Amino acid sequence: MSGFERLKNLRSAKATRAIVLLSIFLLSAGPGLAAGLLRGHQQTPINTLSNSWSKDHAPMKVKRIDPELLSLSKDKESNKDLFTHEETVHHPIPNPNRNNNCESSSYDLFAPTKLTGMNLDDSACRNRTGIWSGSGR
Amino acid sequence: MDNYKTNSIISLLGLTSYIKQRVYQQKNEQLKLDLVALAKDGGNIDKDLFLYLRPLKLAGTIQFKNMFDKNSNVLISFEEGLSRALDKPGRRYAFCVGDGEERWGVAQVVFENKFWIERVVPLFKNASAIISMPGATDGCLNESYLIRKTIELCERTIFVIPPLNCYKPQRRKEKLDIRNYYNLVIRRHAQEVDLHFPDAQMDAGVFLVMDPHTGQPIKQLGWQEDRVERSDKYYWQTLLSVETTPVLTAARIATAIAMVA
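Protein sequence lines, in the order shown, are assigned to chains P and C.
All residue numbers for the first sequence refer to our numbering, where the first residue is 134 and numbers rise by one.
All residue numbers for the second sequence refer to our numbering, where the first residue is 42 and numbers rise by one.
Hints were generated in silico from the structure; no laboratory data involved.
A hint or two may mislead.
[Unchecked claim] Here are the simulated DMTMM-like cross-link-like pairs (lysine to aspartate or glutamate), alpha carbons at most 25 Å apart as the crow flies:
| hint | chain 1 | residue 1 | chain 2 | residue 2 |
| --- | --- | --- | --- | --- |
| 1 | P | Lys196 | C | Glu196 |
| 2 | C | Lys129 | C | Asp87 |
| 3 | C | Lys68 | C | Glu121 |
| 4 | P | Lys213 | C | Asp240 |
| 5 | P | Lys188 | C | Asp179 |
| 6 | C | Lys68 | P | Asp199 |
| 7 | C | Lys129 | P | Asp189 |
| 8 | P | Lys196 | C | Asp87 |
| 9 | C | Lys106 | C | Asp273 |
| 10 | C | Lys111 | P | Asp189 |
| 11 | P | Lys213 | C | Glu266 |
| 12 | C | Lys73 | C | Asp87 |
The model shown is predicted, which means the values in this text are computed figures rather than measured ones.
Model the full assembly from the supplied sequences, consistent with the hints where possible.
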């Protein structure tokens with residue numbers, strides 16, 4: 134037998150052995166693997182805790198809720214359904230006469246954009262203070 | 042010096058977080074000791090336990106305006122609200138079991154999955170009341186199923202459907218489409234557990250006690266509302282706006298608990 138044929142036979146024998154071993158493995162472990170894979174897609178049985186509960190023979194403790202806590206539930210003032218608050222926010226009023234004097238002006242650069250309709254030119258302030266440079270509003 | 046000034050100074054010094062952390066650390070240490078006592082056969086503790094169940098995806102994400110402090114500008118989580126309303130050292134406390142991701146707070150007690158069932162059953166049995174925010178996962182449905190099938194548990198459970206606009210997703214957690222999520226919660230509970238909750242609302246929350254025989258609500262209590270009428274005064278004009286948000290006070294949480302007393 135030539136070296137080539139011997140090698141060919143050896144490879145064939147190895148392949149056969151591998152197929153046999155794989156078959157044995159699949160036959161023995163296959164059902165377990167398949168079940169495991171299927172279990173991953175199944176929902177957990179929903180009575181797991183319930184089973185554990187029924188195995189536990191210790192009776193449920195009779196509990197009495199602390200009367201002090203229950204008395205808190207009768208506090209009508211803090212138990213009302215609706216709490217109403219009023220808030221008044223006074224936004225600073227811009228003074229047009231001080232328009233070019235950033236340091237002394239009460240004009241709030243951070244006030245809502247509503248104020249932009251009042252022709253207040255704050256570009257001078259931006260340049261002078263540097264706060265707004267490049268960032269825009 | 043009144044409490045308000047004291048609180049302001051403490052906040053300014055950045056001590057609030059530190060103090061909370063210390064308080065909850067001590068509380069969790071005590072809770073662990075109590076759980077050990079409960080795990081022993083026939084173990085009992087002379088305290089009221091309020092067990093809060095919630096999907097871990099929603100842990101810390103249901104937040105509302107803080108009605109517990111005078112400075113109500115910050116939001117408070119539902120967990121902390123429960124704790125603030127119910128806790129009294131040595132007598133009673135609210136707690137929930139966490140997923141180990143919470144850095145501190147009422148949910149720092151963690152069970153490994155394999156011990157979950159074994160450890161959680163004594164808690165169910167020893168709770169004075171159970172507060173359950175139902176979830177859509179199998180684990181949450183499993184808990185709801187146990188409550189539904191055990192009359193004594195159902196009679197001491199307050200379900201809470203939160204206002205959906207109180208959902209504030211956290212950076213570290215998966216962001217949910219909360220409307221779809223709660224539609225799924227309601228549907229799965231009706232189909233698989235025979236618990237029939239009303240639909241969740243965007244701006245209203247509700248506490249419910251369910252009938253163990255029919256699976257329908259037999260008692261319910263709404264969350265409260267905080268209404269702010271704001272007038273913004275600009276130069277010559279005044280803009281009025283009204284903002285209403287769902288809130289809870291300690292008294293309202295106690296009233297919810299009283300539904301199962």
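Checked hints:
Straight-line distance between C-alpha atoms of P:Lys196 and C:Glu196 comes to about 12 Å, which keeps the hinted pair within the 25 Å bound. For the suggested pair C:Lys129 and C:Asp87, the alpha carbons sit about 13 Å apart, so the restraint of at most 25 Å is met. Of the pairs offered as hints, the one joining C:Lys68 and C:Glu121 holds, with about 13 Å between alpha carbons and a cut-off of 25 Å not exceeded. As the CA atoms of P:Lys213 and C:Asp240 are separated by approximately 24 Å, the hinted pair is consistent with the 25 Å bound.
Note on P:Lys188 and C:Asp179: the hinted pairing holds, with a Cα-Cα distance of about 21 Å set against a maximum of 25 Å. Restraint check for C:Lys68 and P:Asp199: the C-alpha separation of about 18 Å stays at or below 25 Å, so the hint holds. The straight-line distance between the Cα atoms of C:Lys129 and P:Asp189 is roughly 30 Å, outside the 25 Å bound, and the hint therefore fails. At roughly 10 Å between alpha-carbon atoms, P:Lys196 and C:Asp87 fall within 25 Å of each other, so this suggested pair holds.
This hinted pair checks out: C:Lys106 and C:Asp273 have alpha carbons roughly 21 Å apart, not beyond 25 Å. Taken as a hint, the C:Lys111 and P:Asp189 pair is broken in the structure, with Cα atoms around 47 Å apart against an allowance of 25 Å. At roughly 9 Å between alpha-carbon atoms, P:Lys213 and C:Glu266 fall within 25 Å of each other, so this suggested pair holds. For the hint linking C:Lys73 to C:Asp87, the alpha-carbon distance of about 15 Å falls within 25 Å, and the restraint holds.
In summary, the numbered hints that this structure violates are 7, 10.
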